[in-house]
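Colleague: Below, each chain spelled out in residue letters.
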Amino acid sequence: MFWLLRRNMLPLYLNSVARRPFASSPPPLPPAPLPCPRETHIWYVVPDELKDASRLNQYMELLSPCERQSVLRMNGERLQKGALLARTLVRTTLARYTDGRLSPKSFKFRKNRFGKPEVEWDNYDLWAPPPLQFNISHTSTMIACGVTLDLPIGIDIEEKQRKTSNDILSLAHRYFTSVEVAYLKTLADPECRQSEFIRLWTLKEAYVKALGRGFSGAPFKDFTIRLEASNGKQVTGESKSDGPSIVVEAVDDPGILMNRWKFAFFELNSHYTAVCMERDVKNPADGENNSLKLKVWRTLPFVEDECVTETDAVKNIIR
Amino acid sequence: MASMSGTAIATSARPQFAARAQVVKGFSGLKSVSFSIQRKSFPSVRLQAASRRLQVSCAAKPETVQKVCEIVKKQLALSDDAAVTGESKFSSLGADSLDTVEIVMGLEEAFGISVEEESAQSITTVQDAADLIEKLVDAKSS
Numbered sequence: 001m002f003w004l005l006r007r008n009m010l011p012l013y014l015n016s017v018a019r020r021p022f023a024s025s026p027p028p029l030p031p032a033p034l035p036c037p038r039e040t041h042i043w044y045v046v047p048d049e050l051k052d053a054s055r056l057n058q059y060m061e062l063l064s065p066c067e068r069q070s071v072l073r074m075n076g077e078r079l080q081k082g083a084l085l086a087r088t089l090v091r092t093t094l095a096r097y098t099d100g101r102l103s104p105k106s107f108k109f110r111k112n113r114f115g116k117p118e119v120e121w122d123n124y125d126l127w128a129p130p131p132l133q134f135n136i137s138h139t140s141t142m143i144a145c146g147v148t149l150d151l152p153i154g155i156d157i158e159e160k161q162r163k164t165s166n167d168i169l170s171l172a173h174r175y176f177t178s179v180e181v182a183y184l185k186t187l188a189d190p191e192c193r194q195s196e197f198i199r200l201w202t203l204k205e206a207y208v209k210a211l212g213r214g215f216s217g218a219p220f221k222d223f224t225i226r227l228e229a230s231n232g233k234q235v236t237g238e239s240k241s242d243g244p245s246i247v248v249e250a251v252d253d254p255g256i257l258m259n260r261w262k263f264a265f266f267e268l269n270s271h272y273t274a275v276c277m278e279r280d281v282k283n284p285a286d287g288e289n290n291s292l293k294l295k296v297w298r299t300l301p302f303v304e305d306e307c308v309t310e311t312d313a314v315k316n317i318i319r
Numbered sequence: 001m002a003s004m005s006g007t008a009i010a011t012s013a014r015p016q017f018a019a020r021a022q023v024v025k026g027f028s029g030l031k032s033v034s035f036s037i038q039r040k041s042f043p044s045v046r047l048q049a050a051s052r053r054l055q056v057s058c059a060a061k062p063e064t065v066q067k068v069c070e071i072v073k074k075q076l077a078l079s080d081d082a083a084v085t086g087e088s089k090f091s092s093l094g095a096d097s098l099d100t101v102e103i104v105m106g107l108e109e110a111f112g113i114s115v116e117e118e119s120a121q122s123i124t125t126v127q128d129a130a131d132l133i134e135k136l137v138d139a140k141s142s
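Protein sequences, first through last, are from chains D and U. Residues 1 to 319 (full-length UniProt numbering) make up the first sequence, in order. Residues 1 to 142 (full-length UniProt numbering) make up the second sequence, in order.
For reference, chain U alone in the conformation it holds in the complex (with noise of 0.2 Å):
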C-alpha cells in the first residue's frame, strides 16, 4: 500500500545539540561536561538555566525504545534478531495502515495510554512512538 517517496533519507526533525554541555557560570565545582557520541541518533541534551542543577532529559527511555520495538516485531512478524531501532521508519519495516493501527492498539495496552488519532498520524519511526508514549505517560501520572 505504501508507495516510494523517492526523497533522500529524512532526517530527525529534532535539532541534534552537540554532545558537550555548555559551561555554566556559578555552577559549583563544574566546568564542563562532555558525553560520549556512541550511536547516529542520541539524546537530546537541554540545560535548565533556571534551575541551579544541571539536568539532561533524554528524548525517551532506551527501556521504551526496546519495548516499542518488540511490539513492532510481534506485530510485522519479524524475527528477533531483525534490525529494528529508535531510527526505524514503519514503512521500511513493511508496515500497512492495518499494521499502524494495530501497533498504536498494542502500545496503548501496554503501557496504558490513549493516542490521539492526530497524535497517531506523525508516528513514522520506532522513537516517535516511544517519545509520544512518553509524554502520555507524563502527563496521566503528573
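Excised from the complex, chain D in its bound form (with noise of 0.2 Å):
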C-alpha cells in the first residue's frame, strides 16, 4: 500500500499560509484541559491502528516542509509512518491545549542550545499561549508524547519483550553504575534481570531526556536510579517494602537524593513506560512528597480519543 506523496507530488510552495490543502481540512480536535501543575498527561498512538492511506496523507499536511523531508528520508515506509505519526502526534497533541486558538499545523518547532525539541510560541496580541513543554518516545508499535505545564518533562517507552544482543550484565558493567550493576545481579531469574535491565534503561533515558542536555550531557554513568523504600532502605531483589519511590542521585554525591526530579513508571500498551518531571518548586502545594500525576490517553487524532488512565491499559505503576 504505497500511501506517501511522491517526491514529485510534493506541495511547490513552501508558504504554509498561502497553501490550500490537498485533502479537505480536518475536523477540530476536542480541546483538552491544561495539565494541573504535578500532571503529566500522556497521548499514545499505536501505528497498526492506523492503515488508512487518505487519513495519513491528511497527516502529512500537517507537517512542515522540512518535517515532510525528514519524514522522506527515513528509510522504508515502515519507518516513514512512524516519523510521520510521530510529529502528528506533537502536533495534535499541543494543539488540544489551545482552546481551539492554533491548529496542529500553526506550531514552529525549535531545538534548545543541547538539541532537545520546543515550542517556538508566536507574540499573540490578546492571548498568553500555555507554556508547554513535551516529549515524545517511539517503538516500531507505539509512539508516545508527554505534556506538562511549564515543567521540563522527559518520556522513554520500550517493548516489554525487548530482548537485547548483548548479555544483560555486560550492557550494564559498560553503561550503568556500580549501584545498578549490583542491584541486577541481586536477580537470579534471567527473565526478571532482562525486564529490569529495561525498566533502568527507560528511566535513566527519561531523566536524560527530561534534563536536555542529551546523552552526552548526562553520562548514564554519572548517575544512579533505584528504587528507595518508605523507611529509606535501598530496595534489592529480595524485598521490596510497600511504597517504594524512583529516585535518582549522582554517582558523586551518593546519599545526596536529586529531589527536584520525580518519576513515574508503568505498563502501557504491553510497553514498559517511564516519565521524568521536574517537580514544581514554584507552587507552595506540591511538597516532597507530592508523587507525579498521570492521565494517559489512546489516540488516532482526528479519528477518535479515548481515556485510559483508570483502566487496564496502564498497570502497575510506581512513582
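Do not take every clue at face value.
Taking beta-carbon pairs under 7 Å as the criterion, some of the chain U residues facing chain D (in silico) [claimed, not checked]:
id, residue
1, Thr85
2, Ala95
3, Glu102
4, Met105
5, Gln121
The list that follows gives simulated cross-link-like pairs (lysine-lysine, BS3-like), each with its CA atoms no further than 25 Å apart [to be verified]:
id, chain 1, residue 1, chain 2, residue 2
6, D, Lys315, D, Lys293
7, D, Lys111, U, Lys89
8, D, Lys160, U, Lys67
9, D, Lys315, D, Lys163
10, U, Lys140, U, Lys61
11, U, Lys135, U, Lys74
12, D, Lys295, D, Lys160
13, U, Lys135, U, Lys89
14, U, Lys89, U, Lys67
15, D, Lys160, D, Lys185
16, U, Lys89, D, Lys163
17, U, Lys73, U, Lys135
18, U, Lys67, D, Lys163
19, D, Lys293, D, Lys160
20, D, Lys163, U, Lys135
21, D, Lys160, D, Lys315
22, D, Lys295, D, Lys282
23, D, Lys160, U, Lys73
24, D, Lys163, D, Lys185
25, U, Lys74, U, Lys61
26, U, Lys73, D, Lys163
Quick caveat, the hints were computed from the structure, so don't treat them as lab data. All C-beta atoms, glycine included, are put in the ideal place defined by N, C-alpha and C.
Using the supplied hints, reconstruct the complex from the two chains, each of which is provided in its own coordinate frame.
Modeller: Pasting the structure below:
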C-alpha cells in the first residue's frame, strides 16, 4: 500500500499560509484542559491502528516542509509512517491545549542549545499561549507524547519483550553505575533481570531527556536510579517494601537524592513507560512527597480519543 | 525516541575532493590521474607531496563498510536486501539509543577494538562507524 506523497507530488510552495489543503481540512480536535502543575499528560498512538492512506496523507499536510522531508528520508515505509505519526502526535497533542486557537499545522519548533526540541511560540496580541513542554518517544509499535505545563519532562518507552543482543550484565557493566549493576546481580531469574534492565534503561533515558542536555550531557554512568523504600532503605531484588519510590542520585554524591526530579514507571500497551518530570518548586502545595500524577489517552488523531487512565491499559504504576 | 531535526539533508562533514588529481612536477612518467565517480560519496583523495609516490587513501575500505552494514542490519532486524549503505544515518534506520550502544558493542567484538564513549557519540552514519573502526584498528596494529 503506497500511501506516501511521492516526491514529485510534494507542494512546490513553501509558504504554508498561502497553500490550499491537499485533502479537506481536518475537523477540529476536541479541546483538552491543561495539565495541572503536578501532572503529566500522555497521549499515545498505535501505528498499526492506522492503515487508511488518505488519513495518513491528511497527517502529512500538518507537517512543515522540513518535517516532511525528514519523514521521507527515513529508510522504508514502516519507518516513514512512524516518523509521520510522531510529528502528527506532537502537533495534534499540543493543539488540544490551546482551546481551539492554534491548529496543529501552525506550531513551530526549535531546539534548545543541547538539541532538545521545544515549541517556538509566536507573540499573540490578546492571548498568552500556555507554556507547554513536551517530549516524545517511540518504538515500532507505539508512539507516546508527554505534556506538562511549564515543567521539563522526559519520556521513554520500550517494548516489554525487547531482547538485547548483548548479555545484560555486559551492557550494565559498560553503561550503568556500580549500584545499578549490583542490583541487577541480585536478580537470579534471567527474565526478571532482563525486564529490570529495560526498566532501568527507560528510566535513565527519561531522566536524560527531561534534563534536555542530550546523552553526552548526562552520561548514564554519572547517576544512579533506584527504588527507595518508604523506610529509606534501598530496595533489592528480595525485599520490596510498601510504596517504594523511584529516586535519582549523582554517583559523585551518593545519598544526596536529586529531589528536583520525580518519576513514574508503568506498563502501557505492552510497553514499559518511564516518565521523568521536574518538581514544581514554585507551587507551595507541591511538597516533597507529592508524586507525579498521570493522565493517559490513546488517540487516533481526528478519528478517536480514549482516556485510559483508570483502565487496564495502564498497569503497575510505580512512582 | 528520536525527534525530527527538520534540517535539510546533511552533507558529509568531510570535504569532497575533486576526483581529478593534480599534476605533480618531477613525477616520472605520470602527467595526471583521474578517477571515475561511481557513487555519490567517493573516497577522499590525498596527495602525499612529501613522498615520491602518489598515495591514495580511502576513507574506509569497502569491506569494512560492508561489515558494518551487516552488523547494523542484524541489530535492527532489517532484511538482507534492505538499503543500507555508507551514507545511511543510524537515526534514519530506526536505531534508538539502546540499538546504538548494541551496535557499538557488536562492532567492538567483530573488529577487536574498544570505542570510547566520546567517539561513539560522534557516529551518525555507517561511514562514520567504518572510518572510526579503521582508525582504531590501525592505531592498534601500529
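Colleague: Please go over all the hints and tell whether each is borne out by the structure.
Modeller: Hints, verified against the model:
1. Hint status for Thr85/U relative to chain D: violated, with the closest Cβ pair at about 10 Å, above 7 Å.
2. The beta carbon of Ala95/U is not positioned within 7 Å of any beta carbon in chain D (closest approach about 10 Å), and the interface hint is therefore violated.
3. Using the Cβ-Cβ criterion of 7 Å, the hint placing Glu102/U at the interface with chain D is satisfied: the shortest such distance is roughly 5 Å.
4. Contact between Met105/U and chain D, as hinted, is supported at the beta carbon level, the nearest pair being about 5 Å apart and thus within 7 Å.
5. Taking 7 Å as the C-beta cut-off, the interface hint given for Gln121/U holds, the closest approach to chain D being about 5 Å.
6. With a CA separation close to 14 Å, the supplied pair Lys315/D and Lys293/D stays within the 25 Å bound.
7. Distance restraint check for Lys111/D and Lys89/U: the Cα-Cα separation of roughly 20 Å lies within the 25 Å cut-off, and the hinted pair is therefore satisfied.
8. Restraint check for Lys160/D and Lys67/U: the C-alpha separation of about 30 Å exceeds 25 Å, so the hint is violated.
9. For the suggested pair Lys315/D and Lys163/D, the alpha carbons sit about 21 Å apart, so the restraint of at most 25 Å is met.
10. Distance restraint check for Lys140/U and Lys61/U: the Cα-Cα separation of roughly 17 Å lies within the 25 Å cut-off, and the hinted pair is therefore satisfied.
11. Between the alpha carbons of Lys135/U and Lys74/U the distance comes to roughly 23 Å, so the proposed pair stays at or under 25 Å and holds.
12. As the CA atoms of Lys295/D and Lys160/D are separated by approximately 21 Å, the hinted pair is consistent with the 25 Å bound.
13. This hinted pair checks out: Lys135/U and Lys89/U have alpha carbons roughly 20 Å apart, not beyond 25 Å.
14. For a cut-off of 25 Å, the pair hint linking Lys89/U to Lys67/U stands: about 16 Å separates their Cα positions.
15. The hinted pair formed by Lys160/D and Lys185/D meets the criterion: a straight-line CA distance of about 20 Å does not exceed 25 Å.
16. Between Lys89/U and Lys163/D the alpha-carbon distance is near 23 Å, which keeps this suggested pair within the 25 Å criterion.
17. Between Lys73/U and Lys135/U the CA atoms are separated by roughly 22 Å; this keeps the pair inside 25 Å, and the hint holds.
18. At most 25 Å may separate the alpha-carbon atoms for a hinted pair to count; Lys67/U and Lys163/D meet this at roughly 23 Å.
19. Simply put, Lys293/D and Lys160/D have alpha-carbon atoms about 23 Å apart, close enough for the 25 Å limit, and the pair holds.
20. Between Lys163/D and Lys135/U, the direct Cα distance comes to roughly 31 Å. Violation of the 25 Å bound is thereby established for this hinted pair.
21. Our distance criterion of 25 Å between C-alpha atoms is met by Lys160/D and Lys315/D, whose separation comes to about 13 Å.
22. Among the hinted pairs, Lys295/D with Lys282/D is consistent with the structure: their alpha-carbon atoms are about 22 Å apart, no more than 25 Å.
23. With a C-alpha separation of about 22 Å, the suggested pairing of Lys160/D with Lys73/U holds against the 25 Å cut-off.
24. A hinted pair counts as satisfied when its Cα atoms are at most 25 Å apart, and Lys163/D with Lys185/D qualifies at roughly 18 Å.
25. The straight-line distance between the Cα atoms of Lys74/U and Lys61/U is roughly 20 Å, inside the 25 Å bound, and the hint therefore holds.
26. For the proposed pair Lys73/U and Lys163/D, the alpha carbon gap of about 16 Å is at most 25 Å, so the pair holds.
In this structure, the hints that do not hold are numbers 1, 2, 8 and 20, in rising order.
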